[in-house]
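Chain by chain, the residues:
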Amino acid sequence: MKFISEYRDGKQIREFSELIHKVSKKNICIMEVCGSHTMAIHRFGIKNLLPANIKLISGPGCPVCVTAIDYIDKAVAISKIQDTIITTFGDLIKVPGSYSSLEKEKARGSDIRMVYSILESLDIAKANPDKKIVFLAIGFETTTPATAAGILKAEELKLNNFLVLCSHKIMPPPMEAIIEEGIKVDGFLAPGHVSVISGIEMYRFISEKFHKGVVVAGFEPMDILQSVYMLVQQLENNTPKVEIQYSRVVKPEGNPKARLAVDTVFETTDANWRGLGIIPKSALKIKSAFAQFDAEKVFNIKIEELKGSKGCICGQVLKGLKPPSDCKLFGKVCTPENPTGACMVSSEGACNVFYRFGI
Amino acid sequence: MCLGVPARIEAITGSEAKVVMGGIELRASLDLLDDAKVGDYVLVHAGFAIQKVDEEEANKTLELLKELGMG
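Going line by line, the protein sequences match chains A and B. The first sequence: position 236 = 236 (our numbering), numbered continuously. Every position in the second sequence, counted from 1, becomes a number in our numbering once 1000 is added.
Because the hints were derived from the structure by calculation, they are not lab data. Using N, Cα and C, we set each Cβ at its ideal position, and we do this for glycine too. Keep in mind that a hint or two might mislead.
Pair by pair, the computed Cβ-Cβ distance ranges are [claimed, not checked]:
| hint | chain 1 | residue 1 | chain 2 | residue 2 | range |
| --- | --- | --- | --- | --- | --- |
| 1 | A | 356 | B | 1060 | 31 to 41 Å |
| 2 | B | 1015 | A | 211 | 12 to 22 Å |
| 3 | B | 1068 | A | 201 | 51 to 61 Å |
| 4 | A | 356 | B | 1038 | 14 to 24 Å |
| 5 | B | 1011 | A | 291 | 35 to 45 Å |
| 6 | A | 205 | B | 1038 | 37 to 47 Å |
| 7 | A | 111 | B | 1011 | 43 to 53 Å |
| 8 | A | 114 | B | 1014 | 20 to 30 Å |
| 9 | B | 1018 | A | 25 | 45 to 55 Å |
| 10 | A | 116 | B | 1011 | 11 to 21 Å |
| 11 | B | 1015 | A | 116 | 12 to 22 Å |
| 12 | A | 160 | B | 1023 | 34 to 44 Å |
Here chain B stands alone, though its shape is the one from the complex:
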């Protein structure tokens, strides 16, 4: 139930964003998030953007194997 899906903000009107996840367009409220802007990836849960996805951190996770001498 705590499912959250990363989606890209395509447009913002007031406190509502049009987001796209896997080709599907949805609306998401920005009431719970500061500083979201068009082009940002946000985590969407139950119709609300609840966090921005941090691209730098996302890449760190993928780099970890290399650091460990694997990959």
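Excised from the complex, chain A in its bound form:
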């Protein structure tokens, strides 16, 4: 495929690996923030191409993994309401809540449908005027504009049976929280597709306030190795800054039209991140002008007391403090077929990736 296969050339990848071996002297720790990077790094065996002094650790950038357990509980509660259809990205369906999961409720008869896009949810709403359609909106800056555009489209079409249960989150606040907590990270591979929307200014504080490197990276093996090389150069020369490796789609200013849609529909709010706790202004909620589409307000769901998973160390995995292999449940009690924690559910969760591709 154009713009993919040329970045998987084995010869060039080996040459980049040699180059990194040649210039990298310091012991450095690089966090890949995005779950898609975690998957690519393991899938393509990137760690084997790096010298031992470069450590790669996974961060909090898997939306399914950081979605708080009460969000799943609310979605489960809504799925039990008569004449309601839940529409969701496939990743979310197996995530265990306190007492159930969407997969279990589907098996019990709730109408829960997997969609690829919010646009499919709108089609389902149009085809089922006597039912309420609830779209489960999770994801970071990459996905939020699509949800905003979906809500604006629903308003334009005057759909009064379309709702959104919103748990969209913003990437920089957890990156700051991780640094503030004192977790040893020298540089970040910043999320490429988040940056397609947001641009790069939002990372500036990381280099200026905290003196850590940031390279906005693409997702093919050449992209990742080139980004590591750029970070190594920054750190070897003590010149931490914000750079773009993934320049074929990331512009410094991002995508202003997409951001305008987001700003029209959403405003920032505090949020509970699985493993990281409450982070101020780290999420988005639907503005009151669009309250008619806000499932949280329309259903006013009250959920029972939360019950966590005993022994699960997802929280520490999401902060890069421990690898999945340190968890007693990993691969024994907790597997992709029968996950205990969210990090084992998503195909981009660190536990799931470690399980599939090896440690």
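Go by the hints and put chain B onto chain A.
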């Protein structure tokens, strides 16, 4: 989840494009992108084109090794 795939625009009707990625035909909304036209490669995420792929920049990435005296 933030997966984005480059796809070529084959046709545009209103604010919707027919795109092809790896031989698979899909529809993608152009609501979040200005100035997209037939023949452009766009990055598609969750049913929306979110950015045009800049061919010149794409080639620069591939040229970097040569500039560094490798490749």
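Here is what the structure says about each hint:
no.: 1; hint: 356(A) - 1060(B): 31 to 41 Å; in the structure: holds (33 Å)
no.: 2; hint: 1015(B) - 211(A): 12 to 22 Å; in the structure: violated (44 Å)
no.: 3; hint: 1068(B) - 201(A): 51 to 61 Å; in the structure: violated (28 Å)
no.: 4; hint: 356(A) - 1038(B): 14 to 24 Å; in the structure: violated (39 Å)
no.: 5; hint: 1011(B) - 291(A): 35 to 45 Å; in the structure: holds (37 Å)
no.: 6; hint: 205(A) - 1038(B): 37 to 47 Å; in the structure: holds (41 Å)
no.: 7; hint: 111(A) - 1011(B): 43 to 53 Å; in the structure: violated (34 Å)
no.: 8; hint: 114(A) - 1014(B): 20 to 30 Å; in the structure: holds (27 Å)
no.: 9; hint: 1018(B) - 25(A): 45 to 55 Å; in the structure: holds (51 Å)
no.: 10; hint: 116(A) - 1011(B): 11 to 21 Å; in the structure: holds (20 Å)
no.: 11; hint: 1015(B) - 116(A): 12 to 22 Å; in the structure: holds (18 Å)
no.: 12; hint: 160(A) - 1023(B): 34 to 44 Å; in the structure: holds (39 Å)
Checked against the numbered hints above, the structure breaks hints 2, 3, 4 and 7 and satisfies the rest.
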